[in-house]
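Please put together the full structure from these sequences, using the hints given.
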Amino acid sequence: MSQARPKVRTEPVQSATFSKAVNAEIRRAAETGIYDIRGGGSKRRVPHFDDLLFLGASISRYPLEGYREKCATNVTLGTRFAKTPIELAIPITIAGMSFGALSAQAKEALGRGATIAGTSTTTGDGGMTEEERGHSKTLVYQYLPSRYGMNPDDLRRADAIEVVVGQGAKPGGGGMLLGQKITDRVAEMRDLPKGIDQRSACRHPDWTGPDDLEIKILELREITGWEKPIYIKVGGARPYFDTALAVKAGADVVVLDGMQGGTAATQDVFIEHVGQPTLACIRPAVRALQELGMHRKVQLVVSGGIRTGADVAKALALGADAVSIGTAAMVALGDNDPRYEDEYRALGTTAGAYDDWHEGQDPAGISTQDAELAARLDPVLGGRRLANYLGVMTLEAQTIARACGKSHVHNLEPEDLCALTIEAAAMARVPLAGTDWIPGQTPI
Amino acid sequence: MLDLAQTPLRDINAALQAQARGGNRTRWEIANPRGSHALAVGLDAPIEVTIRGSTGYYCGGMNKQATVRIAGSAGPGVAENMMSGRVIVDGDASQYAGATGRGGLLVVNGNAASRCGISMKGIDIVVRGNIGHSSAFMAQKGNLVVLGDAGEGLGDSIYEARLFVRGTVSSLGADCTEKEMRPEHLALLDRLLKDAGMDDARPDQFRRYGSARTLYNFNIDNASAY
Amino acid sequence: MCGIVGLFAKDKRLEPQLGALLSDMLITMSDRGPDSAGVAVYGHGHDGRAKITLQNGDPDADLDALVAALRHATGETIAATRRGTHAVLELGAGAVNAARRILIDRFAEWRVMSTGGAIEIYKEVGLPARVVEAFDVPGMTGTHGIGHTRMATESAVTTHGAHPFSTGADECLVHNGSLSNHNNIRRDLARKGLTFETENDSEVAAAYLTDRMNDGADLGQALECALRDLDGFFTFVVGTRDGFGVLRDPIACKPAVMAETDRFVAFGSEYRALVDLPGIEGARVWEPEPATVYFWRH
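First to last, the protein sequences are chains R, C and H. Each residue of the first sequence is one higher than the one before, starting from 1 at the first, in the UniProt record's numbering. Each residue of the second sequence is one higher than the one before, starting from 1 at the first, in the UniProt record's numbering. Each residue of the third sequence is one higher than the one before, starting from 1 at the first, in the UniProt record's numbering.
Since the hints were made in silico from the structure, they are not lab data. Any given hint might turn out to be false.
Taking lysine to aspartate or glutamate pairs in the DMTMM-like style, the calculated list, with each CA pair at most 20 Å apart, reads [said to hold, decoys possible]:
(1) R:Lys70 - R:Glu87
(2) H:Lys10 - H:Asp262
(3) R:Lys194 - C:Asp175
(4) R:Lys83 - R:Glu227
(5) C:Lys64 - R:Asp154
(6) C:Lys141 - R:Asp197
(7) C:Lys194 - C:Asp204
(8) C:Lys141 - R:Glu188
(9) R:Lys194 - C:Glu160
(10) H:Lys12 - H:Asp276
(11) H:Lys192 - H:Asp229
(12) R:Lys83 - C:Asp11
(13) H:Lys10 - H:Asp242
(14) R:Lys194 - R:Asp370
(15) C:Lys141 - C:Asp195
(16) C:Lys179 - C:Glu152
(17) H:Lys12 - H:Asp262
(18) C:Lys194 - C:Asp90
(19) R:Lys137 - R:Asp153
(20) R:Lys194 - R:Glu87
(21) C:Lys194 - C:Glu178
(22) C:Lys64 - R:Asp153
(23) C:Lys141 - R:Glu359
(24) R:Lys43 - R:Asp370
Here the structure is a predicted model, which is why all the values come from computation and not from measurement.
Structure below.
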């Protein structure tokens, strides 16, 4: 008598290389014939500020008393050539985001929040709106390859000019805003037909290379009477060379955007596979400034994945003069808020993962031109929320700086840091925690 | 008369720009430009500026209202992002002439090099001679009139700008196509030629080119054009 | 990234002024490149004789000892002229290779800038005005010359990183732009035995042309090949013993202006560089077409 034995089978194993997500993307590509376009920055885990820790003070260093002993946070941008540098109360600015990508209400909220907090906000690839100029005490005007809406009057009523060479999400790439967001007002500002896909160029139309850029900067200064700081924004590609060349071309400020920096819309393959993590970009850029004798003379603004006061303090400790936030500011306004979970699900996604900003269906009413959705964001309330968030980040950065004995956040140094991982230690050029080992650093 | 051999560029531009805030001098001359950059930029008054010689990059950049005549040749980016007014080049214009211009009239009496009218957004450009390659690339709005020949890749990725060429076109760029010349186009061309002082050209000698509009919304079958 | 100038005299009466005209053209382009500057000047040379241009950063380096050692080793009469940090040796053309080997083996602190029957190359870090003065370029006579002022992009700011680059007898190249596949080309050429002094993309372009010409191409053919094999943005101006060539990449957005009269052909990154040339008012002035080889010969 033999009894039938249940058949023993190998547990099914999903391939790590061909994961469910990868396979789904292959099927999607086969089905639609178009690459994935999305907003935001890199979503993959890369070495980041989380992998660094501050050492704080104990016996060998003395801390400052919180709330009583002053720790300043002010920063001046544009001290090199501009007659009127930008004075900010905090070292955190709002990055360029276009009207078009964002609603007019969202742009207004950013201006209001930045103004309350004592910092600047920035236009984007779509020109300057009355909403943001009117509600921004300090407004940086972006000068982009597309030149949408560019005009000398706005150039003159800006407080600084940011020549955008690239951004961290897509160094070397242009943009793509799908037709759904090209409404009448957006189309008019950009001199485009309504409803078409807007293709942004990857190079400026009338200069290429640092030698020509130097002449372009001369023109911008001549038009604005040498008053306004000229920033140059680059994506985190070759930060050492790009920073040095921006300085040679005559920049007052270099804005350096790592791969976690967001975009309104571009190919996912670009966001995830081109550019370097923010953490890896800072030290080479600072080294370029130091070698040219320009550190703290040409200011360095770092962006891409800044979320907390700890991130701010770490970026400053590595040598930045200020940081800039984009995605975090949108989240502060309400982007990806779980209270809209039902609507996110209806769009086939979930709160926290929504990145189809280019489609203009944002339930939070931020990355949209739909009047009904946009009305969900109250610019006054949004501005207040942003100001609160900026205030918290500033207090956090001060807390850390005081703990390290600094009376100004700019006095944080790389030597105040250690790294949790070998990767972060190598990129930030600070020792691995518990050791005096900096990978790749030649012994002195 | 302002002399660049004696007066710094910044002072010359400041003097011309100050006319926007009220001035009584309507005619200006600039001597010895010798290829200087960013000359007569950011003007905003109905003045007439004549530059006696050849200029460097971005002459007449972002012009409003003023008439700037270059009695010589112009370097790269002449009249870039012009808003209104006129820029007239007696000689040749280098690359990027009229780039991103949003209004006004640019007249080139000689030839214009590559990328003439790149990303133009409403400017009118009239060139007596030839234009170089990649002209009217991503041209959004406005009119480009060429009495001579056009180089390779004319009007690549063009939007709604209108291109009129009297001579030959080496090749058309992606999504640029020849279009029917209708009466309203002949009338427009007639006005542009007269405005630019091109008395010896007749509208019916030209062909019109513009967007085929096949790239306006993504279609997988057009992927090879990207 | 840079400013380029070039002057090719058709009229022999311009030859005594070549250095002076070229120097002024280069100084005008200073804004385009603050890091280093250099010139290649082609003189008439003497039949059967060749020149080696050397550089040594030490102003007190003993040139006499070097000349004596070379004379002893080669049996040649050697004339030596010192100009700033550079020196030009003139010797029998047949002895150049032997002399070069001795220089490399025994006098490594003297670095070879160029060899050939006509070419002399002078280059240093600093602005054009200082560099041309240091070598008295304005006093030089020549049939044609090329100058360059450099804004370094990715490779070091050193004398050797300055342009022109010379990788073959009487050949030189200057470049404005940025190549995007030079590392692979460099590896291919190194496998064929070519040697490189710098990490500079422009040196790769020079060596690439040398390699083509070693394989039998003339300069025009070598430039045609460059269009096929070199990727990125470039405007090249190149010189040979009796020729002068210009090439722009197919996208052609780095600036280039040319002028031609009965007396000369001139190149400038900007028109400014050409404004003082004699008879420029009547010259044919144009911008070279993309992907088109321009070439003049004496």
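Checked hints:
A distance of roughly 19 Å separates the Cα atoms of R:Lys70 and R:Glu87; the hinted pair therefore holds under the 20 Å criterion. Restraint check for H:Lys10 and H:Asp262: satisfied, since their Cα atoms lie roughly 7 Å apart, inside the 20 Å limit. A threshold of 20 Å between alpha carbons decides the hint, and for R:Lys194 with C:Asp175 the separation of about 18 Å falls inside it, so the pair holds. For the given pair, R:Lys83 sits about 4 Å from R:Glu227 by alpha-carbon distance, which is consistent with the 20 Å threshold.
Among the hinted pairs, C:Lys64 with R:Asp154 is consistent with the structure: their alpha-carbon atoms are about 13 Å apart, no more than 20 Å. For the proposed pair C:Lys141 and R:Asp197, the alpha carbon gap of about 16 Å is at most 20 Å, so the pair holds. Taking the CA atoms of C:Lys194 and C:Asp204, the gap is near 14 Å; set against the 20 Å cutoff, the hint holds. Under the criterion of a C-alpha separation no larger than 20 Å, the hint pairing C:Lys141 with R:Glu188 is consistent with the structure, at around 11 Å.
For the suggested pair R:Lys194 and C:Glu160, the alpha carbons sit about 11 Å apart, so the restraint of at most 20 Å is met. Of the pairs offered as hints, the one joining H:Lys12 and H:Asp276 holds, with about 19 Å between alpha carbons and a cut-off of 20 Å not exceeded. Taking the CA atoms of H:Lys192 and H:Asp229, the gap is near 16 Å; set against the 20 Å cutoff, the hint holds. Proximity of R:Lys83 to C:Asp11 is assessed by CA-CA distance (about 15 Å); at most 20 Å being required, the pair is judged to hold.
Distance hint between H:Lys10 and H:Asp242 is fulfilled; the C-alpha atoms sit about 11 Å from each other, no more than 20 Å. Simply put, R:Lys194 and R:Asp370 have alpha-carbon atoms about 14 Å apart, close enough for the 20 Å limit, and the pair holds. The hinted pair formed by C:Lys141 and C:Asp195 meets the criterion: a straight-line CA distance of about 18 Å does not exceed 20 Å. As the CA atoms of C:Lys179 and C:Glu152 are separated by approximately 18 Å, the hinted pair is consistent with the 20 Å bound.
For the suggested pair H:Lys12 and H:Asp262, the alpha carbons sit about 11 Å apart, so the restraint of at most 20 Å is met. At roughly 16 Å between alpha-carbon atoms, C:Lys194 and C:Asp90 fall within 20 Å of each other, so this suggested pair holds. About 17 Å separates the Cα atoms of R:Lys137 and R:Asp153, which keeps this hinted pair within 20 Å; it holds. Under the criterion of a C-alpha separation no larger than 20 Å, the hint pairing R:Lys194 with R:Glu87 is inconsistent with the structure, at around 39 Å.
Between the alpha carbons of C:Lys194 and C:Glu178 the distance comes to roughly 24 Å, so the proposed pair goes past 20 Å and is violated. Among the hinted pairs, C:Lys64 with R:Asp153 is consistent with the structure: their alpha-carbon atoms are about 10 Å apart, no more than 20 Å. Among the hinted pairs, C:Lys141 with R:Glu359 is inconsistent with the structure: their alpha-carbon atoms are about 25 Å apart, more than 20 Å. About 27 Å separates the Cα atoms of R:Lys43 and R:Asp370, which puts this hinted pair outside 20 Å; it is violated.
The structure is inconsistent with the numbered hints 20, 21, 23 and 24, although it conforms to all the rest.
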